Amino acid sequence: MSAQELDINQTLDHVAQSLKAILESRNIQDPIMIGIHTGGVWVAQQLHQRLNLNEPLGTLNISFYRDDFTRIGIHPQVQPSTLPLSVDGRHIILVDDVLYTGRTIRAAFNELFDYGRPASIMLAVLVERDGRELPIQADAVGQHVSLKAGEQIKLQGPEPLTLTTTQA
Amino acid sequence: MKKKNRLQLDDNGKLKHFLTIEGLNRQLLIDILDTAESFTGVTEQTIKKVPLLRGKTIVNLFFEASTRTRTTFELAAKRLSADVLNINIQASATAKGETLLDTLRNLEAMHCDMFVVRHANSGAAHFIAQHAAPHISVINAGDGQHAHPTQAMLDMFTIRRVKGEFHKLNVAIVGDVRHSRVARSQIHALSMLGVEDVRIIAPKTLLPSEPEAFGVHVYHDLREGLRDVDVVIMLRLQKERMSGASLPSEHEYFQRYGLTEEKLALAKPDVTVMHPGPINRGVEIDSVVADGPRSVILQQVSHGIAVRMAVMSMAMQSHLPEATGGRRE
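Taken in order, these protein sequences are the chains called H and Y.
Here my numbering is used: the first sequence runs in plain steps of one and ends on residue 185.
Here my numbering is used: the second sequence runs in plain steps of one and ends on residue 1383.
Next up, chain H with everything else stripped away, as it sits in the complex (with noise of 0.2 Å):
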């Protein structure tokens, strides 16, 4: 399926499902959800709501963990990380646009673990595609695409979200 034909409010219902299904089955109760600036926070903030959360989102700026600052530097605009609970002991519930080589998320991680010790972290994206660059899988994923060589997928929004696939 290629991303014009994705309908996003189908794939967030099914991420949605698939995370309730995850936590029912691991007896979590009351998960944090951070997302990933600034598609993660979008696919997040409706997460959040379909799910019912009764902890607040925070949101995560890897900016400053990126493994390729040497190479395209750090942009002015970016907004600071928020988290408004101590993640130490909890149960994360982390959130992505899209996940693709998987350095994002580790990234994410180092700069989780720098706030405290979360009990957990699983990893729910709207969409992944291939093109791995580390060993990192998503937990609950909306769509898997197919892209061809040199095509991008990115999420616009906030309102209303649309996935667009641009040539490089």
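Treat the hints as calculated values from the structure; they're not laboratory data.
Predicted model only: the values in this text are computed from it and were never measured.
Mixed in with the good hints there might be a few duds.
As the list claims (entries may be wrong) - Pairs of lysine-lysine residues, derived as DSBU-like cross-links and limited to a Cα-Cα distance of at most 35 Å, are as follows:
#  : chain 1 : residue 1 : chain 2 : residue 2
1  : Y       : Lys1217   : Y       : Lys1322
2  : Y       : Lys1217   : Y       : Lys1103
3  : Y       : Lys1102   : H       : Lys37
4  : H       : Lys171    : Y       : Lys1068
5  : Y       : Lys1258   : Y       : Lys1293
6  : Y       : Lys1258   : Y       : Lys1322
7  : Y       : Lys1322   : H       : Lys171
8  : Y       : Lys1132   : Y       : Lys1258
9  : Y       : Lys1132   : Y       : Lys1102
10 : H       : Lys171    : Y       : Lys1103
11 : H       : Lys165    : H       : Lys37
12 : Y       : Lys1258   : Y       : Lys1222
As the list claims (entries may be wrong) - Interface residues of chain Y toward chain H, partial, derived using beta-carbon atoms under 7 Å:
#  : residue
13 : Asp1085
14 : Ser1092
15 : Thr1100
16 : Leu1106
17 : Gln1371
For glycine and all other residues, C-beta sits at the position ideal for the given N, C-alpha and C.
Assemble the complex: chain H is given as a structure, and chain Y must be docked to it using the hints.
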């Protein structure tokens, strides 16, 4: 001005050395403030560190005594995961140029990446930036009576946090403007960021020779100058200036130019009181004001760390050949 600009910015207009506010532009100052804003979150982490400058070596090269500035530069570098070397050198009066260059060559041979320089001579940081190897960035941490740009930027950061916007503000700088590198950098930053009414309030002997050239309004009477100001920045009265004929006694200075609650009442009700430190209680500022609810003197110190993290990481990234400013994946 143009020469300074060329020295401070690389071919892509990115900050390479941070020597003075002059010759920079409003957008670059705003980029520094925005980047600093994003670094404030690091302090909330259990591990107050980000790995941005891991493996880089930053040298604090202090030819003049400083506690606050040096420690906040050191903390900022450590929070960026850089390795920090503190070198305190008492400036020798003879053969300064030669000594400085020798020091420089030695540090370059140790593969350092950045020099943070404080020196009693105006222009020392420029001199070092001009002569340092191309891969080294230089940050001015105060040179003579010339400039102290990171102090000015942490003050701008504090003003923006408290007041939001710059352009409608009345800002008064009170005290020894003549000898103050802090005041000089503040005046340049305030006008570059669009503050319309910058006032300097001082006795004639403590004014720069041509104050109008700075585009400021000059007052000799503190009460008159404080009327309706949004921000008042007090400068430290350097006691060594007392000995000259330029000043009356400390007591008389406090009577005329010391900030008290009674004088502060003439400013706007939500006035913010700032001071770059260290403060002389009972000389330029009354303890009641310094410790009072409108004082942000200690916030200024905290903000100094975030602002210095921003300047250091921005200057370091100018060396990166492909730096484009952050797109992920």
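Hint check:
1. Pair hint Y/Lys1217 plus Y/Lys1322 holds up; C-alpha atoms about 12 Å apart against a cutoff of 35 Å.
2. Between the alpha carbons of Y/Lys1217 and Y/Lys1103 the distance comes to roughly 29 Å, so the proposed pair stays at or under 35 Å and holds.
3. A hinted pair counts as satisfied when its Cα atoms are at most 35 Å apart, and Y/Lys1102 with H/Lys37 qualifies at roughly 34 Å.
4. The suggested pairing of H/Lys171 with Y/Lys1068 holds, with an alpha-carbon distance near 28 Å, which does not exceed 35 Å.
5. For a cut-off of 35 Å, the pair hint linking Y/Lys1258 to Y/Lys1293 stands: about 17 Å separates their Cα positions.
6. Among the hinted pairs, Y/Lys1258 with Y/Lys1322 is consistent with the structure: their alpha-carbon atoms are about 26 Å apart, no more than 35 Å.
7. A hinted pair counts as satisfied when its Cα atoms are at most 35 Å apart, and Y/Lys1322 with H/Lys171 does not qualify at roughly 49 Å.
8. Taking the CA atoms of Y/Lys1132 and Y/Lys1258, the gap is near 43 Å; set against the 35 Å cutoff, the hint is violated.
9. Between Y/Lys1132 and Y/Lys1102 the CA atoms are separated by roughly 9 Å; this keeps the pair inside 35 Å, and the hint holds.
10. Straight-line distance between C-alpha atoms of H/Lys171 and Y/Lys1103 comes to about 30 Å, which keeps the hinted pair within the 35 Å bound.
11. For a cut-off of 35 Å, the pair hint linking H/Lys165 to H/Lys37 stands: about 32 Å separates their Cα positions.
12. Proximity of Y/Lys1258 to Y/Lys1222 is assessed by CA-CA distance (about 28 Å); at most 35 Å being required, the pair is judged to hold.
13. Satisfaction of the interface hint for Y/Asp1085 is found here, the shortest Cβ-Cβ separation to chain H being roughly 4 Å, below the 7 Å cut-off.
14. The interface hint given for Y/Ser1092 is met, as the beta carbon of that residue sits about 4 Å from the closest beta carbon of chain H, less than 7 Å.
15. Satisfaction of the interface hint for Y/Thr1100 is found here, the shortest Cβ-Cβ separation to chain H being roughly 5 Å, below the 7 Å cut-off.
16. A hinted interface residue such as Y/Leu1106 counts as satisfied when its beta carbon comes closer than 7 Å to some beta carbon of chain H; here the least separation is about 5 Å, so the hint holds.
17. About 4 Å separates the beta-carbon of Y/Gln1371 from the nearest beta-carbon of chain H, less than 7 Å, and the hint is met.
Taken one by one, the earlier hints fail for this structure at numbers 7, 8, listed in ascending order.
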